[in-house]
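Engineer: Protein chains in written order, with the numbering used here: chain U, -11 to 126; chain E, -11 to 126; chain D, -11 to 126; chain H, -11 to 126.
Treat the hints with caution; some may be incorrect.
The list makes no distinction among identical chains, and a pair is therefore deemed to hold if it is satisfied within one copy or across any two copies.
List of simulated lysine to any residue pairs, SDA-like, C-alpha gap at most 20 Å [said to hold, decoys possible]:
{"no.": "1", "residue 1": "Lys95", "residue 2": "Ala52"}
{"no.": "2", "residue 1": "Lys95", "residue 2": "Asp67"}
{"no.": "3", "residue 1": "Lys65", "residue 2": "Gly15"}
{"no.": "4", "residue 1": "Lys61", "residue 2": "Met14"}
{"no.": "5", "residue 1": "Lys65", "residue 2": "Val79"}
{"no.": "6", "residue 1": "Lys65", "residue 2": "Met14"}
{"no.": "7", "residue 1": "Lys61", "residue 2": "Asn108"}
{"no.": "8", "residue 1": "Lys61", "residue 2": "Lys125"}
{"no.": "9", "residue 1": "Lys95", "residue 2": "Glu78"}
{"no.": "10", "residue 1": "Lys125", "residue 2": "Gly93"}
{"no.": "11", "residue 1": "Lys85", "residue 2": "Arg115"}
{"no.": "12", "residue 1": "Lys85", "residue 2": "Val6"}
{"no.": "13", "residue 1": "Lys85", "residue 2": "Glu55"}
{"no.": "14", "residue 1": "Lys95", "residue 2": "Phe124"}
{"no.": "15", "residue 1": "Lys125", "residue 2": "Ala105"}
{"no.": "16", "residue 1": "Lys85", "residue 2": "Glu36"}
{"no.": "17", "residue 1": "Lys61", "residue 2": "Glu36"}
{"no.": "18", "residue 1": "Lys125", "residue 2": "Val6"}
{"no.": "19", "residue 1": "Lys61", "residue 2": "His82"}
{"no.": "20", "residue 1": "Lys61", "residue 2": "Met101"}
{"no.": "21", "residue 1": "Lys95", "residue 2": "Val39"}
None of these hints come from the bench; they were simulated from the model.
Protein chains: 4
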Amino acid sequence: VAPLTKTAGVVSVLEFRVRFCETDLMGIVHHANYLPYFEMGRVEWLRERSVTYAAWAEQGLHLAVAEVSLRYKAPAKFDDLLALHTCLAEVRSHSLKFTYRLMRGEKLLNEGMTLLACVNNTGALTRLSSDMLQAFKM
Amino acid sequence: VAPLTKTAGVVSVLEFRVRFCETDLMGIVHHANYLPYFEMGRVEWLRERSVTYAAWAEQGLHLAVAEVSLRYKAPAKFDDLLALHTCLAEVRSHSLKFTYRLMRGEKLLNEGMTLLACVNNTGALTRLSSDMLQAFKM
Amino acid sequence: VAPLTKTAGVVSVLEFRVRFCETDLMGIVHHANYLPYFEMGRVEWLRERSVTYAAWAEQGLHLAVAEVSLRYKAPAKFDDLLALHTCLAEVRSHSLKFTYRLMRGEKLLNEGMTLLACVNNTGALTRLSSDMLQAFKM
Amino acid sequence: VAPLTKTAGVVSVLEFRVRFCETDLMGIVHHANYLPYFEMGRVEWLRERSVTYAAWAEQGLHLAVAEVSLRYKAPAKFDDLLALHTCLAEVRSHSLKFTYRLMRGEKLLNEGMTLLACVNNTGALTRLSSDMLQAFKM
């Protein structure tokens, strides 16, 4: 079993607005569009810790999504100002897990999890680099 | 607890090609794009049973996504010819569950589940209509 | 011919970052994704003038896109920090035209135009409301 | 001026259904989603002439979108069965132009144009390969 590093569970909060194109004919944000929000959340989580995901991508290291789950509680609407809480929940040798809570004010709209596997440009599973571990242990 | 109807677990298979715009800079289908595939799968599952989801939407009944989960095994690429296996796994009084297996030839690319809640135009939870139950029991 | 109101050509600038999911297998932003950027630009153009597009939508007035054109000069990439310059170029009785220039620093990435027609909830062409004219003449 | 090859203006027709996720809160297909349709149209135009766009992409040749324009006449809705007419309108040494007409039955929903420039993996403008010219002259 891959060794597990306890993280501080540090949370970052990202505020953003719902775009018109993200809604569907039910008048709410289409359920698939929350995954790009979560992705944006973890990119900003890293930026706050002085890491640009793009820099890793240029080095040929990617955090490929291996597993996702989401529970939808209430819909977001066009132009809503949302706050996404992104939390690094777990770090292993080749993977890590982020959890997410999407809020509109005090209201929880949905919550989810993504398990990310570290892969190289050919898609092969790779150990997290020391740069990555450094960033994730903060 | 909502009463559970055992279904025949009938599976429908939908073939389609990956669009260029569905890829990302890793050269593979972006992980969020599988949710629209699953959605397309259940729309076609219904059509094969002579139900058009659009007709229910016009009656003000929607199957809102309440929960999703996905496990990614291997990536799909641009122009891949894929076969999505959509299975009605469970029917309850106000909700139902579909499971999905996305294949490229013999290879399983990913598998997932969506829990759908029946809601009206205002988003309130509603019993599945008798039309719906009829369709889902086939 | 619909009467033409000369506008001050007021420009608003919106800064934002390219999302990972907006790229394609060429490693650049997929060309279709600039239209949502432009849409976001005009929503923010209005907000700066104390108008929320959502409020008009709730009143049953929409600015439907009747025509678009874009010239792509250079690609945007993942995580680029972009500045979108949105300009109200023309106001007529039932329509208006915005023009856009998307910049990365000093570099022009693309420029475009959208012609918007005022329509009601049934899609019928409607005169711009006095609220709208007020906003657009600022 | 780049030499112009007159084409037979051969048209291909692609039938497909509107996906749920392609609609917006106006209950119609979001205007940006027609560009992926057009892209799908030209991919299928090529396939009918025994060319897979993916094969060119693997050789490092891409047809980058340099310019687009669209005129929207009537909206498409969820689950509409549409027919996209894709026409190669012009071939030059480094670029080509496709035009599109999107129909629902006898009704024209919109029409557009894309100017495509041949570029290599680094994005530099390149002559159309002889393979490409062969395909486009059919």
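Engineer: Now look at each hint and say whether the structure bears it out.
Structural biologist: Tested hints:
Taking identical chains as interchangeable, the C-alpha atoms of Lys95 and Ala52 lie at most 20 Å apart only when they sit on different chains, with a minimum of 19 Å there against 30 Å within one chain. Only within a single protomer do Lys95 and Asp67 lie at most 20 Å apart by alpha-carbon distance; the minimum there is 16 Å, versus 29 Å between protomers. Taking the shortest Cα distances, Lys65 and Gly15 sit within 20 Å of each other both inside one copy (7 Å) and across copies (14 Å). With identical chains, the CA atoms of Lys61 and Met14 are at most 20 Å apart within one copy only, with a shortest distance of 15 Å there and 23 Å across copies.
Proximity of Lys65 to Val79 under the C-alpha cut-off of 20 Å is found in neither arrangement, the shortest distances being 33 Å within a copy and 28 Å between copies. In the homo-oligomer, the alpha carbons of Lys65 and Met14 lie at most 20 Å apart both inside one protomer (10 Å) and across protomers (13 Å), since each shortest distance falls under that limit. Within a single copy, Lys61 and Asn108 get their C-alpha atoms only as close as 36 Å, which misses the 20 Å cut-off; across copies the closest is 15 Å, which meets it. When the C-alpha separation of Lys61 and Lys125 is checked against a cutoff of 20 Å, the pair qualifies neither within a copy, at 31 Å, nor between copies, at 27 Å.
With identical chains, the CA atoms of Lys95 and Glu78 are never at most 20 Å apart, being 25 Å at best within one copy and 30 Å at best between copies. Taking the closest pair of Cα atoms, Lys125 and Gly93 never come within 20 Å of each other, the shortest separation being 29 Å inside a single copy and 33 Å across copies. Taking the shortest alpha-carbon separations for Lys85 and Arg115, only the intra-copy value of 15 Å comes in at or below 20 Å, while the best inter-copy value is 36 Å. In this homomeric assembly, Lys85 and Val6 never come within 20 Å of each other (Cα to Cα): the closest approach is 25 Å inside a single copy and 23 Å across copies.
Taking the shortest Cα distances, Lys85 and Glu55 sit within 20 Å of each other both inside one copy (9 Å) and across copies (19 Å). For the identical chains of this complex, Lys95 and Phe124 are neighbours neither inside a copy (28 Å) nor across copies (34 Å), given an alpha-carbon limit of 20 Å. Within a single copy, Lys125 and Ala105 get their C-alpha atoms as close as 17 Å, which meets the 20 Å cut-off; across copies the closest is 39 Å, which misses it. With identical chains, the CA atoms of Lys85 and Glu36 are at most 20 Å apart within one copy only, with a shortest distance of 18 Å there and 39 Å across copies.
In this assembly of identical chains, the alpha carbons of Lys61 and Glu36 never lie at most 20 Å apart, being 28 Å within a copy and 31 Å across copies at closest. Taking the shortest alpha-carbon separations for Lys125 and Val6, neither the intra-copy value of 31 Å nor the inter-copy value of 26 Å comes in at or below 20 Å. Taking the shortest Cα distances, Lys61 and His82 sit within 20 Å of each other only across copies (15 Å), while inside one copy they are farther apart (31 Å). Both within a single protomer and between protomers do Lys61 and Met101 lie at most 20 Å apart by alpha-carbon distance, with minima of 15 Å and 17 Å respectively.
When the C-alpha separation of Lys95 and Val39 is checked against a cutoff of 20 Å, the pair qualifies neither within a copy, at 30 Å, nor between copies, at 25 Å.
When the structure is compared with the earlier hints, violations turn up for hints 5, 8, 9, 10, 12, 14, 17, 18 and 21 and for no others.
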